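Protein chains in written order, with my numbering: chain F, 1 to 267; chain Z, 1001 to 1267.
Keep in mind the hints are simulated off the structure, nothing from the lab. Just so it is clear, the structure is predicted and the values come from calculations on it, not from any experiment. From the three backbone atoms N, C-alpha and C, an ideal C-beta is built for every residue, glycine too. Mixed in with the good hints, there may be bad ones.
Simulated restraints, written as ranges between beta carbons of each label pair [unchecked claim]:
{"id": "1", "chain 1": "Z", "residue 1": "THR1093", "chain 2": "F", "residue 2": "GLN234", "range": "22 to 30 angstroms"}
{"id": "2", "chain 1": "F", "residue 1": "ALA155", "chain 2": "Z", "residue 2": "HIS1197", "range": "22 to 30 angstroms"}
{"id": "3", "chain 1": "F", "residue 1": "GLU40", "chain 2": "Z", "residue 2": "LYS1126", "range": "50 to 58 angstroms"}
Cross-link-like lysine-lysine pairs, in silico, BS3-like; alpha carbons within 25 angstroms at most [stated by the list, open to error]:
{"id": "4", "chain 1": "F", "residue 1": "LYS214", "chain 2": "Z", "residue 2": "LYS1134"}
{"id": "5", "chain 1": "Z", "residue 1": "LYS1214", "chain 2": "F", "residue 2": "LYS160"}
{"id": "6", "chain 1": "Z", "residue 1": "LYS1191", "chain 2": "F", "residue 2": "LYS214"}
{"id": "7", "chain 1": "F", "residue 1": "LYS160", "chain 2": "Z", "residue 2": "LYS1191"}
{"id": "8", "chain 1": "Z", "residue 1": "LYS1133", "chain 2": "F", "residue 2": "LYS214"}
{"id": "9", "chain 1": "Z", "residue 1": "LYS1126", "chain 2": "F", "residue 2": "LYS214"}
{"id": "10", "chain 1": "F", "residue 1": "LYS128", "chain 2": "Z", "residue 2": "LYS1214"}
{"id": "11", "chain 1": "Z", "residue 1": "LYS1160", "chain 2": "F", "residue 2": "LYS214"}
{"id": "12", "chain 1": "F", "residue 1": "LYS191", "chain 2": "Z", "residue 2": "LYS1160"}
2 protein chains.
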Amino acid sequence: MLSFLGFVPYFCAMIRVIILGAGNVASHLYRILHQQTNVEIVQCYNRRNVLLDPMQSKATITNTYKQIKEADVYILAVSDDAISEVSGLLPFTDKLVVHTSGSAPITSISEQQRRGVFYPLQTFSKEKAVNFKKVPFCIEAEQESDFKLLWNMAASVSEKVYKISSLQRSILHVSAVFVNNFTNHLFTIGKDICDTHEVPFEILHPLIQETARKITEINPDQAQTGPAMRNDIQTISRHMDTLEDPTYRSIYQLLTQAIQIQHGKKL
Amino acid sequence: MLSFLGFVPYFCAMIRVIILGAGNVASHLYRILHQQTNVEIVQCYNRRNVLLDPMQSKATITNTYKQIKEADVYILAVSDDAISEVSGLLPFTDKLVVHTSGSAPITSISEQQRRGVFYPLQTFSKEKAVNFKKVPFCIEAEQESDFKLLWNMAASVSEKVYKISSLQRSILHVSAVFVNNFTNHLFTIGKDICDTHEVPFEILHPLIQETARKITEINPDQAQTGPAMRNDIQTISRHMDTLEDPTYRSIYQLLTQAIQIQHGKKL
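The shape of chain F in the complex, shown without the other chains:
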């Protein structure tokens, strides 16, 4: 009769989770994991004893290591620097303890535990909801059975789960700094230039969206355009005259050079 109610997974063991940390990643993971029928968030630990979500029960929060309960997986959603310390202070051994960091190696977790990584590769802001279905999860574990548990948990949240080693993850992280952090700073500069001259920055929004969309269809190398690519010296010099901020000038010069080196133009 149950089958009439819809999809009933064969193996549906509840995964008991404890989240440690109170930052953006902790909050977003809390919200999405809380919605999963195969996940139970047993408890959350953070020093300040704060709720990760306004709907969370106060009884499930602790700021005392000794009070941390039994669970299948302990998710350390803490800063990279704190992974070693927090995992070392856990009042038990031989449990599955994972971090959520893009750059810390799996070995930054205390070797007293069964170690793993549960890294959602996305940029999280406190205020903005995230569509987790499209967020790639990079999974790593020392033991095969732990890997399967993490894979199941990730796959219940996202369509994109990858087995990624610590070395590969560190490469992804460096790359992400270029395509996300640095790119966002270029957006900040673009907006500042517009604001300073009272031009609405929103005129550039469609260009920005298209720049990002394009590379899912063609190689970014092939998508390169602009005065640096064309070696359009007149325009480059006019732009340099417009820029007053010395940092903006340095960035303009360096990236123009980099594009020209990449595309074999004369400097």
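Assemble the complex: chain F is given as a structure, and chain Z must be docked to it using the hints.
Relative to the frame of chain F, chain Z by itself:
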């Protein structure tokens, strides 16, 4: 009886257009303007006598200035450097002649003509179709009636038409170099780093999309994250160790510094 056939615009003066040039902008403008019921592309001029679209009739192409026909507007979709020369060689005076450049001033067109600008602010690749409805058009003209004609033509193609002066346009163009050209180069670097270490770059696609999408909702300044923003010296130094290419290292250092200056971190 005609009204039964659908929407019949009240005022529907046909705008007769001649496109000069054979690059990406010329081809894309040809295709979109050709679809408009209020636009007739009378002729196209380019030195190599090439079609702008495989469907175009050969009879509408010329490479001889003297054969250029009568039209309401002449669109110079040529390189910035060629605007002055091509507009100076036109075998008539006092016609509406516009360029499509983001950076050239309106005065780069020969003063023998009624000058204007018809600038679609988007990145065009030969191979990729463009959704013109979302492309902002920046319009400028010396005469009010010319401005109206350009506005009508732009508004038939796009939902976003802006009156933008040459000064404002030059600011937009500098800004666009940062948010489009330089950003695309950062994507190229990110892909190269992944390729070198055999990590699939596609894992970063959702992050790139989200980075671009985010700034339409929050200020890019507020969206800044990453090791530079957190002044996470350990991660920054690990990333620098990973990067071998001297240009990538310089870019990493300069943009890290720029983010820290922007956000008042200690260097």
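Status of each hint after checking the structure:
{"no.": "1", "hint": "THR1093/Z / GLN234/F: 22 to 30 angstroms", "verdict": "holds (26 angstroms)"}
{"no.": "2", "hint": "ALA155/F / HIS1197/Z: 22 to 30 angstroms", "verdict": "holds (25 angstroms)"}
{"no.": "3", "hint": "GLU40/F / LYS1126/Z: 50 to 58 angstroms", "verdict": "holds (54 angstroms)"}
{"no.": "4", "hint": "LYS214/F / LYS1134/Z", "verdict": "holds (15 angstroms)"}
{"no.": "5", "hint": "LYS1214/Z / LYS160/F", "verdict": "holds (21 angstroms)"}
{"no.": "6", "hint": "LYS1191/Z / LYS214/F", "verdict": "holds (14 angstroms)"}
{"no.": "7", "hint": "LYS160/F / LYS1191/Z", "verdict": "holds (19 angstroms)"}
{"no.": "8", "hint": "LYS1133/Z / LYS214/F", "verdict": "holds (17 angstroms)"}
{"no.": "9", "hint": "LYS1126/Z / LYS214/F", "verdict": "holds (12 angstroms)"}
{"no.": "10", "hint": "LYS128/F / LYS1214/Z", "verdict": "holds (9 angstroms)"}
{"no.": "11", "hint": "LYS1160/Z / LYS214/F", "verdict": "holds (21 angstroms)"}
{"no.": "12", "hint": "LYS191/F / LYS1160/Z", "verdict": "holds (19 angstroms)"}
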